[in-house]
Amino acid sequence: MRPNVKGSIRQRLLFMLLLSTAAIAILLYVVVQSVAEQITQESQDNILAASAISILDSARVIDGEISIDLPYSSLSMLDSVTDERAFYAIHLNDEFLSGYADLPRIKNLSDIPTFQSSAYLGEDIRIASTRRSYSTLEGQAFLEVSVAQTLTGLNQSISRVSRLSLAIGFGFFLVSMIVALLIAQSTIRPLHSLTEAVSRRGPSDLRPVTAPVPTEMTPLVASLNSLMIRLQNSLSRSEDFIAEAAHRVRTPMAIVRTQAEVTLRRVEKEENRQTVREMIRAIDESSRTAGQLLDYAMVSFRTDDLAKEIIQLDALLAEIVDRLAPLSELRDVTITLNTPEKLKIVGDQILVQNAIQNVLDNAIKYSDVDTEISILLICKNDKANIIVKDRGYGFDNAEMRDLLKRFKRGQNAQQVIGSGLGLTIVDDIMGAHGGAISLSNNQEGGACVHLSFPL
Amino acid sequence: MRAFIISTIMLIISGSAHAFDVEDRKVFKGHDGEPVLRIISTADISYFAPMINSFRATRPDVTIDYTVASSTQVMQAIYEEKQPFDLAISSAMDLQIKLANDGYARKHTSYSAQDLPNWAVWNDMVFAFTQEPAGFVISNKLFEGYAIPKNRQELINTLRQNPKKFEGRVGTYDIRKSGAGYLFATQDARASDTYWRLTEVMGTLDPRLYCCASDMIADVVDGTLAIAYNVLASYAEQSPYIDAFTIVLPSDFSTVMLRTMLIPSTSKNPELATSFLNFALSQTHPTETSTMLQTKSLRQAKQSTLTRISLGPGLLVYLDYFKKKHFMEEWENAILQE
Amino acid sequence: MRFLLIEDNELLANAVTERLSLDGHIIDHANDLSTAWDYTATSSYDMILLDIMLPDGDGRKFLEQHRMGKSRTPIIVLTARSEVSDRVGILDLGADDYMIKPIDFSELEARCRAVLRRRAGAARNTMSFGDIEFDALAGTLKINDNEIKLRTKELRLLEIFVNAPQQIFAKSHLLNRLFPFDVEASENAIEVYVGRLRKHLGDSNVSITTVRGLGYKLECV
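Chain order of the listed sequences is A, B and C. Add 24 to a position in the first sequence, counting from 1, and you land on the number used in my numbering. Add 6 to a position in the second sequence, counting from 1, and you land on the number used in my numbering. Add 47 to a position in the third sequence, counting from 1, and you land on the number used in my numbering.
So that you can see chain A by itself, here it is in the shape it has in the complex (with noise of 0.2 Å):
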């Protein structure tokens, strides 16, 4: 099944970095820029007011009379740097005495120089204005001193700075995004490496992750462990159960069928014996079917996880004639195997084990008393073939493709025990080994069932 995916944590992680990040560099660059505004603006202020210090400082009474000697360095220290265009208004009280009469007056003076942004003939500009008290012939005079710039450098020196803090914001930034990714990324390695060790795993590896990972992953660590071994549990329970539940039906089945066979001894009349032929027959049946439902089970899940096993075919093959020779001498069936070749192939012996012995099963069961079975293992086209040829009923050419699907059962096998799913569970085996099965019919008479497994 597909995950329900609803975002990424990487992604989410950078998000979130690159947001705190880009905050941080916007508030760095408003700092930056707001500081270096203050700092620009301040050291235009403190020129300003020296300026009109100097000013100050140069008026002199003399006979009772305010004589102001400009310093040359009142004006040109304005203009040491760039270029500025410089103003200045001298007042005495509200007398104006020299310099720009119409430059805007700061109210509200004091001793020290006050500072205020305006416009003057066209141009912003900033003033700064201070007054100091003389005794003149009129009395006590309050001489007012104004020096305005504008602000050409003022607004360079913004701008640099503007593209300066840009510049660090920017270059913040950058580095964080960088520093960022690797966090993500860092972030993201141990859930990567757990996310690696869990699916390198087979279908039936439920061990706990031992691996070290970071605090942050413990708890989904330890329920993934507990799940694990939840999941093993109930594997494990489910086994037991199954194994338990078939002891506990197939004991009471044994019961009957054994006491079934001790009746049919005892009974005479050949109706009541059909009776309990027919007895045994659905015990038997029911035994079976069970068994290759499990069986089937078992196959389904082993294919999962094929192991990779060396078979020798030729010497499995004489292990199971071996082990089937009771059952055909029971019916006076002789199986005759014929391995010319030592032939090996690789998967999982149980499964071929199982495969094999389900169609020798078949061949035994639909074979006619006194007749013969015959197995040849040959390397043909690439491949290990095993031939199995009986000379029992024989497929029905009509449903022979359909043989190999669930509970498909002959037409022609009602009267013989068996499950319908025997030739599903081989036909299952062998597309999980990269192999085959075809079904057909001797010339001379009965089934011929062909496996052939790559080498």
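Be aware that a few hints might be false.
Unchecked claim - Straight line, CA to CA, 25 Å or less: simulated SDA-like cross-link-like pairs of lysine to any residue: (1) K104/B - G88/A; (2) K330/B - D107/A; (3) K113/B - D126/A; (4) K293/A - A232/C; (5) K88/B - D148/A; (6) K274/B - G146/A; (7) K366/A - V135/C; (8) K104/B - L121/A; (9) K113/B - S141/A; (10) K331/B - G88/A; (11) K104/B - G146/A.
Unchecked claim - Here are the in silico distance ranges between beta carbons for each label pair: (12) S91/C - E333/A: 36 to 44 Å; (13) L261/C - P364/A: 52 to 60 Å; (14) G469/A - S233/C: 21 to 29 Å; (15) E89/A - D221/B: 35 to 43 Å; (16) N191/C - E365/A: 44 to 52 Å; (17) E147/A - D199/B: 22 to 30 Å.
Source of the hints: derived by calculation from the structure; they are not laboratory data. As the structure is a prediction and not an experimental result, all values here were calculated from the model. Note that CB positions come from ideal geometry on N, CA and C, so glycine has one too.
Mind docking chains B and C on chain A? Use the hints.
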């Protein structure tokens, strides 16, 4: 002859609109009547004509109306009367700065020589296209037998030791009448105290005070003056009687005046003014070897002794009413020793 | 044959005992492992039939300990577990064969014979009656040093007679013992096999005589 007639007619026609005093005027007629570039300048026609003519070679269609006025009249025309001149050329750096500072000049950033030296441009409004040092102009005849003073101190010594010889034969600007004289005086005073000592020494010798450099040169040439102080070397060099005097750039320091141009905000044809400005600047910059920037005496002077007057609001200080009054008083006290 | 049946289900044990005794076998039944150990210590058996799930332990433990002990008695495991892995494990632990419940007694007998034959190897295990010498495991009949190879059904039939000479066997009884329950065979088939045996025994002093209305018996003339 034709140009003269036209200029005279124009003078009469437009003269009625002028409240400021026009010293001279010439119209350099282009192919068509239009466009007209109106220049107001402190420089004589003869001095500036070569520049105008070389511009006209590139723009034969342009008519140039060249008006000569004193620096204060240039100020008057633009500052007070807001006459629609397209270009103001003046040697009065302080007044040019005042015009620009007070918003009477256009900003102009597209000048071709972007690498104009910093000293040659202020606020993208005032552009310097000459460097003109001021020096001593010494009469060869009257100084016969005397060592030519090389600096102010030597001049002071020479004057002190020969008061009889130089009585009434020393000339300098009357800074009350000459803007250039005032500019040189204030810059000299700023540069060194020697200025005041020299002024005091001159004051004891009943100095002659002049409004204009040309008069001073003329008086040196005809022997009225033995020495003229703070005469623009560039002017003196152009005198036809150059053999009669020696130009000395003082070795202690020589104040260098910059002749500047600006485009008044009243200009009706700023694009044309811009192209003329660019042309003039390209003639004089970036190489300072241009004739306008480099006079003979300037070339010979020791670079370290040259003190360029810097363009900037510092120049406004000397235009301050109190400052000016104070300076004038001090100057008068020194020079007029009744 | 003498069997030890180790099976905790009383009903099944009784049924199996009854069923096997029908064929003339002697069965001891042990309910649990400890009883089984007691039996094996005191008696000897031809075959042990072992259940895996027992009240006092796992049958597999019995298998392991039995294999390590002196006794060579073969064991066929009767298990209710049908998983492949279980079956393989059982053989690995030393069982001679296994069968999944419910068991077919014809198959059990066939497997017993196969196990015993495998165990015997080349050793002869002959029975004599009159002048015939009979090896059930090898499937040979020897009359006056003349050895005849018998076919399965003939062998089985002769074995029944030799094991109980003089006993009269009904045709139906022989039918039950010779054919698996699901093979449709008539009493004529018995007559055919008896006829074949008589032919083989022609030169000996042993003969199968017909007891009219009752069946057949083996006699020494």
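Return holds or violated for the Cβ distance of E89/A and D221/B against the range 35 to 43 Å.
holds, 37 Å
Restraint status (C-alpha distance of K113/B to D126/A at most 25 Å):
This hinted pair holds, its Cα atoms lying about 23 Å apart.
For a C-alpha distance cap of 25 Å, please report whether K113/B and S141/A respect it.
holds, 22 Å
Do the Cβ positions of L261/C and P364/A conform to the proposed distance bound of 52 to 60 Å?
This hint holds: roughly 53 Å between Cβ atoms.
For K330/B and D107/A, compute the direct alpha-carbon distance and say whether it is at most 25 Å.
Roughly 24 Å between the alpha carbons, so the hint for K330/B and D107/A holds.
Note whether the CB distance of S91/C and E333/A lies within 36 to 44 Å or breaks it.
Since the Cβ atoms of S91/C and E333/A sit about 40 Å apart, the hinted range of 36 to 44 Å holds.
Take a quick look at whether K366/A and V135/C sit within 25 Å of each other, Cα to Cα.
Satisfied, since the Cα-Cα distance of roughly 23 Å is no more than 25 Å.
Compare the distance between the alpha carbons of K104/B and G146/A with 25 Å, and conclude whether the hinted pair is satisfied.
Satisfied, since the Cα-Cα distance of roughly 16 Å is no more than 25 Å.
Range agreement (Cβ of E365/A with Cβ of N191/C, hint 44 to 52 Å):
holds, 46 Å
Taking 25 Å as the top limit, are the C-alpha atoms of K293/A and A232/C close enough?
holds, 15 Å
Agreement of K274/B and G146/A with the hint, judged by alpha carbon distance not exceeding 25 Å
At roughly 20 Å apart (the allowed maximum being 25 Å), G146/A and K274/B satisfy the hint.
Sort out whether G88/A lies within 25 Å of K331/B, counting only the CA atoms.
holds, 17 Å
Of the numbered hints given earlier, the model fails hints 1 and 17; all others are met.
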